[in-house]
Amino acid sequence: MRGRQLREGGGVGEERRHIAVAERRARLALRHRLTGTARAASPEEVAGSLVALHGTDPATVYLAVGARLADAGKTVAELDRALYEDRTLVRMHGMRHTVFVFPTELAAVVHASTGLAIAAKARAGLVKDMVSGSDGRLTEEWLTEVEASALAALARRGQATVNELTQDEPRLREQFTYGAGRGYESAHTVSSRLMRVLGVEGRVVRGRPLGSWTSTQFRWAVAPPHPELPPSEAQPELLRRWLAVCGPATEADLKWWTGWKVTDVRRALAAIGAVAVSLDDGATGYVTADDTAPGPVAPWAALLPGLDPTAMGWQERDWYLSPSLRPALFDRSGNVGPTVWWEGRVVGGWAQRADGALVWRVLDPAGVGREALTAIEAEAARLRAWLGPTRITPRFRTPLEKELTTG
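Numbering (my numbering) for the sequence shown: 470 to 876.
Simulated from the structure, these hints should not be mistaken for laboratory data.
Ideal Cβ placement from N, Cα and C applies to all residues, glycine included.
Treat the hints with care, since some could be wrong.
Think about it this way: if two alpha-carbon atoms lie no more than 30 Å apart in a straight line, the pair counts; the simulated DSS-like pairs of lysine-lysine are [what the hints assert, rightly or not]:
1) Lys597 <-> Lys871
2) Lys590 <-> Lys724
3) Lys730 <-> Lys597
4) Lys590 <-> Lys730
5) Lys597 <-> Lys724
Pair by pair, the computed Cβ-Cβ distance ranges are [stated by the list, open to error]:
6) Ser601 <-> Val731: 16 to 22 Å
7) Ser601 <-> Asp833: 49 to 55 Å
8) Arg665 <-> Ser601: 14 to 20 Å
Given these sequences and hints, build the entire structure.
Printed below as a string of structure tokens:
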């Protein structure tokens, strides 16, 4: 792969290929499985098509899959099967130190391409904080012994909560002072920090929740084994898969989504022979070498959850989300809330009230006529049907979502 170069969109003497906003929106419909004819038969197909589903909020995974399954009524049962029985999907740390759900076969690629550097920093930070916050009582050697014991206990149990693991290894309950003498001084427990580090290192994964599929309390499990790949192989593979789903994307998009340095992004683009294309705003985007334009797409609507991978897929979002909508649809940390889509752009948001009522509001009425309103309500009815009595409260609440739930 050493001699490969980034390619222009055309051959010698040809103009660079141009991909307009209309085509980018059509790609969303098909590649993100949001239009009826493109919907998937299984959660594995959804995750494979999107590369990764945001897993920070457990409900997001189920809602994102349900929006894309041909039979949304099978969402919970099929996702539980894939995550906790067949283990064809895994929920673990990945890009930008964020929890994702992705195909188990991608665990090695994600870990090597994005996790190794983050893991090294996370472990070094834990050791430093633990040693200094315990006046040297807790050492790196001590931690090595405790984590080996904890992992052995986890393997015996299959799945376990942190509280259950502390019964097998009481030293996990040890505490140390974080930020001594500063305004944020607090007591940290070894167990909470250690499990987070082991997660980033790809040694443990999130297991079955303690309650229903909306629960934020979960068990841990030993991570499925995967081969160790060199980052020089893993990074191009991850980027190739993501561009196949989300291309065209700019360097800024790629740097943001992966969390890599721009030099890593450029190296991976060159390694896969990515093709440079022009975009409507004058920016340069990249697609895979075998990229083809999508076919015609019928009008479509979608109700997507907070942190959905489509809404959060790019850093530069003006082509599908008007800047005027951001204050209502994002929280202060940049997390998107539940969104309403029409023909490849965000036009509003939705929420579920305490009584179970599903409500939505159009914020950008341009081009949203009777056909759009009918299609949006049909998607809302589809969501109501498979949610049934389940109540959803997004982990990251946004101004519009709060307003709709109390209106």
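Does the Cβ pair Ser601, Val731 satisfy 16 to 22 Å?
-> Hint violated: Cβ distance 34 Å, outside 16 to 22 Å.
Taken at face value, is the distance from the CA of Lys597 to the CA of Lys730 at most 30 Å?
-> Measuring from Cα to Cα gives roughly 25 Å; hence the hint holds.
Between Ser601 and Asp833, is the Cβ distance one that fits in 49 to 55 Å?
-> Given about 51 Å between the Cβ atoms, the range holds.
30 Å Cα cutoff - pair Lys590, Lys724 = Satisfied, since the Cα-Cα distance of roughly 19 Å is no more than 30 Å.
Outcome of range test on Cβ distance (Arg665, Ser601; 14 to 20 Å) = At roughly 18 Å between Cβ atoms, Ser601 and Arg665 fall inside 14 to 20 Å, so the hint holds.
Would you check the hint for Lys597 and Lys724, treating anything up to 30 Å between C-alpha atoms as holding?
-> With a Cα-Cα distance of about 29 Å, the restraint between Lys597 and Lys724 holds, given a limit of 30 Å.
Is it true that the CA of Lys597 sits at most 30 Å from the CA of Lys871?
-> violated, 40 Å
Is Lys590 close enough to Lys730, meaning Cα to Cα at most 30 Å?
-> Status holds; Cα separation ~15 Å.
Of the numbered hints stated above, those contradicted by the structure are hints 1, 6, listed in ascending order.
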